[in-house]
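Q: Chain residues, written in single-letter form:
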Amino acid sequence: MSDDIRGMTAELAADPDSLVFLDLGEALRRRGQLDAAFKVARTGLHRYSELARAHDLSARILCDRGERDRAFEAWVTALGLDPGLVSAHKGLGFLYYYAGDLASAEKHLAYAGQADPDDTGTAAALERVRAGRAAAPAVAPATREAPAAASVEPAAPAAAEARVEESESETLGAASGLTFSFEESSPSPVQEAVFAGLDGGTDGLLLVDAGGLRLGGGLWNPDGADVADSVAALLAGVSKEAARTARLLELGEWRGLAVECGDGNLFLSAPTESTLLLTVRGLDIPMGRVARFAERASMAARAWLERSE
Amino acid sequence: MSAAAELLHRLSTVRGIRGSVLVSAGDGLIVAESLMTGVDGRAVAALAASLVSRLRRATESAGRREPVFLQLHAAGGTVLAAPCGTELVLVAVAGPDANVGLARLEMLDVSGRLA
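Going down the list, the protein sequences come from chains A and E. Numbering-wise (my numbering), the first sequence opens with residue 1 and increments by one. Numbering-wise (my numbering), the second sequence opens with residue 1 and increments by one.
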């Protein structure tokens, strides 16, 4: 462990509210200690859920882990909080480039380039994207309406039909100050952006099918472990039990299940007959607000399901 | 009247509450009850205990603490449940006109006394 990281770790231990977690998480990421970096980022996000830079840090780490879908949602969330966050524009620029949506990639990289004209890496990346558009205008994929709330958010591609060359992607990622891995089997990030633009799109919103399989969103426990799939599997049973209880007690169709825990509020709802939505928030968010937020997330889930069909 | 029955009776005076039962969490059997006519206490007890049990597993898997209160909203009313420690669950059935906020406060108070 370097002296810098040791010092920042000590500083964070002495003052858990310190924003030094941003520098510590980034330092760990650059050293390739992604699990440790992610744990730092998650802990920081629990304290500063409205801080765009915290979502940006999370997105960078997720990208390095190859989880581009979640990175996309985290960057969209970051831009929802701070539409001018340059690093988030760079990250989204890369992801759109990877997805083959060169027009959206250009918009994000152009914004980043204007905000920081001295950044030669972004300028080079933008030049490459523009060259790609000029060379292959016919392969630009069709676009659909962007789900994001950020005004600077360009339209999201429907599919990554025009995958770029791997070597070019790596070059662009490096130019954007990021390190990425490229598994061709990975889904396009935008294909899974169910809750893009909603706070908690990557942590605290989980869309599950009737069989207990995750459709979108994400859930992490307070220690930073991904618990989405295990919770999704259990939710199917809860939903059936809720429906059975309401029916047998002659209360009609169930509409929602609110659960207060000692350290958080959970709300389970059914956006459609065959899906479930779990919304998780801290105790600082009253249950009434959690329920209202769940309604908005349900609408986003329904829209996404309709687009997916 | 036992202390538990007295507490259930007090809960049943909240507007819209059709009845309440104290349930054994493990087997879903009734320990004490205060129900209006037409409410099937045994069904309430069994179903609520099962629901709470499943929710406990789900919240545990999510890395969260034990549920302290839950509300199942349905078109025709609400089922409210408050675990009293690990062995008992306090359950109430409310109509659509119920003051759920007041019922919640009463139930948390009662569950605290029974735990």
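Everything labelled a hint here was simulated from the structure, so no lab data went into it. Note that beta-carbon positions come from the ideal geometry of N, C-alpha and C, so glycine has one too. Keep in mind that a hint or two might mislead.
[Claimed, not checked] Between beta-carbon pairs, the in silico distance windows are:
#1 E:102 <-> A:308: 35 to 45 Å
#2 E:40 <-> A:11: 16 to 26 Å
#3 A:225 <-> E:113: 31 to 41 Å
#4 A:35 <-> E:57: 34 to 44 Å
[Unchecked claim] Which residues of chain E face chain A? A partial, calculated answer using Cβ under 8 Å:
#5 5
#6 24
#7 54
#8 98
#9 99
#10 114
Q: Indicate, hint by hint, whether the structure satisfies it.
A: Checked hints:
1. E:102 <-> A:308: 35 to 45 Å: 43 Å, holds
2. E:40 <-> A:11: 16 to 26 Å: For residue 40 of chain E and residue 11 of chain A the Cβ distance comes to about 60 Å; the hint is violated.
3. A:225 <-> E:113: 31 to 41 Å: 36 Å, holds
4. A:35 <-> E:57: 34 to 44 Å: At roughly 26 Å between Cβ atoms, residue 57 of chain E and residue 35 of chain A fall outside 34 to 44 Å, so the hint is violated.
5. 5: 22 Å, violated
6. 24: 17 Å, violated
7. 54: 5 Å, holds
8. 98: At about 12 Å, which exceeds the 8 Å cut-off, the nearest Cβ of chain A leaves the hint on residue 98 of chain E violated.
9. 99: This hint is violated: residue 99 of chain E lies away from chain A, its Cβ roughly 14 Å from the closest one there, beyond 8 Å.
10. 114: This interface hint is violated because 17 Å lies over the 8 Å limit.
The structure fails to meet hints 2, 4, 5, 6, 8, 9, 10 from the earlier list, while all remaining hints are met.
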